[in-house]
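So the sequence lines, in the order shown, correspond to chains A, B and C.
The opening residue of the first sequence carries number 1 in our numbering; numbering runs sequentially from there.
The opening residue of the second sequence carries number 1 in our numbering; numbering runs sequentially from there.
The opening residue of the third sequence carries number 1 in our numbering; numbering runs sequentially from there.
Misleading hints may appear alongside valid ones.
Stated by the list, open to error - Facing chain B, from chain C, some residues (calculated, C-beta under 10 Å):
1) Ser54
2) His101
3) Gly105
4) Val106
5) Ala133
6) Ala184
7) Asp205
8) Ala208
9) Val231
10) Gly240
FYI, nobody ran anything at the bench for these hints, they're computed from the structure.
Quick reminder that beta carbons are idealized off the backbone N, C-alpha and C, glycines included.
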Amino acid sequence: MSGNPSTTSAGDASVDRGRGATLRLNASMIIGAILILLIVVLALVSFVWTPYGPSAVDPAARLQASSPEHPFGTDKFGRDTLTWIMYGARITLMVGIVAVGIAVLIGTPIGIIAAVFAQYPWGAWLSAVIMRANDILLAFPALLLAIVFAAVYQPGTGPAMVAVGIAAIPGFARVARSGTMQVLGSEYVRAAKASNRSAPAIAIVHVLPNIAGMVIVQASVAFAISVLAEAGLSFLGLGTQAPVPSWGRMLQESQQFLSTQPLLALWPGLFIALAVLGFNLLGDGLRDRFDPKMEARGNG
Amino acid sequence: MITYVANRAIQFVLALIVASVVVFALMSILPGNAAQVALGTNATPDAVAALEAQYGLDQPPLIRYFNWVVGMLSGDFGTSYVTEAAITPVIVGSVQVTAILVIAAIVLAIVIAVPLGTFAALEQRNWIGVTISALSQIGIAVPNFLAAIILVIIFSLTLGWFPSQGWMAPVEGLGGFLIRLVLPVVSLALVQAAILTRYVRSAVLDVMREDYIRTARAKGLTRAKALFIHGLRNAAIPVITVAGVQLATLLVGAVIIEQIFVIPGIGSELVRAVANRDLVTVQGIVMVLVFLVLIINLIVDVLYPIVDPRIRNAS
Amino acid sequence: MKTPRVSSWMAAVVASSLFLAGCSAGASDSGEQAKKDSMTIAFTAEPVNLDFTSTSGIAIPEALMENVYESLVRVDGEGEIQPGLAEDWDVSEDRKTYTFHLQKGVKFSNGADLTSEDVKFSYERVQNDWKNALKSKMDVVDSIATPDDLTVKISLKKPSNTWLFNMTSLVGAVFDAEGTDDLANEAIGTGPFAIEKFSRGQSIDFAARDDYWGEKPAVSKVQFKYFKDAVSASNALKSGEIDVVSNLQAPELAGEFQSSDYQIISGTTNGEVVLSMNNAKGIFKDKKAREAVMHAIDRKAVLDTAWAGYGELIGSMVPPTDPYYEDLTKVWDYDPAKAKDLVREAGIEGETFAFTVPNLPYAKAISEIVSAQLAEVGLKADIETQEFPAVWLDKTFTEHKFDMSVINHAEPRDILTVFSNDYYIGYDDSKTKKIAEKADTGTEEEYVSGMKEIAKTITEDAASDFLFLFPNLVIAKSDVAGIPANRVSDSFRIADLSWN
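Please work from the sequences and hints to get the whole structure.
Rendered as structure tokens:
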């Protein structure tokens, strides 16, 4: 946020939330960051070390409870659950990064362009068309897209990521558009305009740094949604496929063992919840910093 | 106001047309030959070709699209070549089921979230408010299918209060209908209530800072009284928006809950139709879902100016 | 600062949830009284329509054969052929003409009388109008004559040992000559039950017929309820909402029913779970590569982990209920060292191959352990999960785009079909074809010994790995009687069910 007066983005919109609120939201940011860090570390460590191989089956040691050899127990093939949770963290993060990446890289420019076009007399209708197209996309929820994609391209991590990403585009476009409009309407941008600088130049110099915070907030929320979506799709059999470790699939397959080996359901369920919680808390904390009023659309 | 609504309605129709083209195009690239699936393992290529002709799959796409749209406009989604039955009753029936499920869930979510969220806002600085906020954070983080599994184990398998699965239409028996509705609706509503609580809380917090509330309080009203008399209407806007989005998302999002509880809703019909390569049915269901989402968005848009005079004047 | 209004809201929330709970207490278990005359059975595969003449798959015959439709003959739990609509039959000296004498007083569910014309109509319809690929089972029929109303004379092109047995399957179903207009939605047969209600994708309600020609079933109302998810079915049984789970697709759950309230039946089926290899092209065209797989797979471990130990090791394409069954489980022993040597000899060490897996519970579970075992000997499986039936039928079955797959071949006596030249496995049947022809036209002894030879040849050729025989795993309330242990035909016969 360098270069600009630090108050500009928050200047007219920020509201005094009181000291207590600020402290608590900072706390939520810290807790969120710690949870995410935990999952990132699990995923990174899995590249260099895991207790066992992901496909190291051991029929003799199937369905074991926690033990020094298998801290999280084993599944029906005798595979180590901790190893699977570590590998699963990779998939969870990958789905989130790709899905959110798609949404950010497509949605944000769409929103900015729509807002910039709206500045010109000739561009107003184009801006309207872009945003209406965006609204139509809103009519295709992630799950619907994923079900259709799974039918077209085989169920798998790839189609699931893309479906979740596409469904998240409208949210980013709206955030970027309203943020851009706000910036373009501010005093100093009007001043810049008066000095005959072109709209694209203004967008790059003033808009991007100022909406970055809001986009990051949206990204954090979208990340949480993508974790849930991947879990749900894998639960339906439309997400990550065997033998790739995925928390959603682990949870689905553990259903058979709820009364005999509930640990099998506990671990994936817990880590899904922790990941979602982490990204939501981080998003909350960031939101307080960047923008207290977010549009709700596209977050559901 | 009238131009605003008319404007929205036109946009709605345009969106519907574009969406129908998208849906049709998507379906045309589905792999898996419907005729081959129907005929099974040892069918000859000749038999497959004959059946394709019978289904009209050999006609040009433009004509197929046109026939499809004309049929839909007259309320006829065609005949499935997998089930050899009319599709319209299937869609109408399953949409009703999902609508009951989802609306009940959203109503329950609102009933839970509005008081909780308001309370959390009013008590934001003490432990009650913090507890509610924390609980809602955890509620959002729990996938609804996990909630469903846990609810079934507790309330069905252990306590035996509710059936673990199944569906009964209200006309077949109101008691049987209600008792089967409880667990799926609660599974869906818990997560939505957690999300909604947070929006209600922040909406109420925003309203509380408005000048008119400050004025009312200066006149000696308690915070709660000031809020109820002057503020709720304004706090309703973001809540309506979020509830609208939730309703739209749940139409398909309920599919996991439908599968766990063996409920014949629209999402389950979609998954089944995709698995059977019942393309005509898939096409019809996707179109109906898109239509419903667009309708919900339209209603939410029209509700804004009714609820909030400021928006009415601005448009 | 306390706000009374808000607490009253909360009270309302609590009250409304109590109201819902109150409703439940009153409404539960209303079905308890009617129980002894009705039964609800859980199934997995749901019929998309009621017409097996045009739609393939096991779901439709499972529900309709022997319950709604009947054939001239049926097969019992031991695999023996028994009279059905024909009270007896004579076979001519040259074994090419079968004369069936029909039961008297048989009525279709629409009130029409069964005559020999209906039989002739039905069987000619198989040859002319059926779209189901199984129609080829009727190819051997040359002509059908109807000397009188209760006699049907069927002439074959050549003697066939398999034809009469095939007649016990769905191709033998007898339809009313006037009742085939809307088979997809309306099933009119001679069986003990008629369909009262067909809720597509959810359930079929059967009601016992008053005018059935044979013995009246003990239970007059039976519902087949379809559960995609085995856990939901098991939960429904636990909470008493259903009475029988016909074939549990999550065998790990069976252990939870080990109490006096339930019975666990684990019998045989006709389903051989085959780890199929593409014999015609790719990495497994080389017999050495296939032999390596045979030695690399620990079938006992596969059965124990993937299917909780339910099922039987068979070692060939023949279930123990068939007359030509032979224990061939010793032909290929689990020997990873030998498998590694063979991999090296075949020159395929570390090579990746396409393992297409239908998205069915058993297939997915098997693929995980099998790929791990193959990795041990240096073979890398590239697993691709394919939707079943649509995508698997398209890519693997029809286009043969696979190196390895796994599927339960559930048809009765399907060894010759599965291991023929043009089937997806691409087995070279030049040796077995001649034996098969001789066996089918020969005496019964020649048939049995010929078929044994074929089964052994296929196993020794390492054509595919026969992992295990899919179990008939039925869980039922302990007071349900009449559930056959073995599933030897496609149908799930409900007329024999009763309450103790």
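A quick look at each hint next to the structure:
1. Ser54: 7 Å, holds
2. His101: 33 Å, violated
3. Gly105: At 33 Å from the nearest chain B Cβ, glycine 105 of chain C fails the 10 Å test, so the hint is violated.
4. Val106: 28 Å, violated
5. Ala133: 3 Å, holds
6. Ala184: Where the cut-off is 10 Å and the nearest Cβ of chain B is about 4 Å from alanine 184 of chain C, the hint holds.
7. Asp205: Violated - the Cβ of aspartate 205 of chain C stays beyond 10 Å from chain B, reaching only about 13 Å at its closest.
8. Ala208: 22 Å, violated
9. Val231: 8 Å, holds
10. Gly240: 8 Å, holds
The structure is inconsistent with the numbered hints 2, 3, 4, 7, 8, although it conforms to all the rest.
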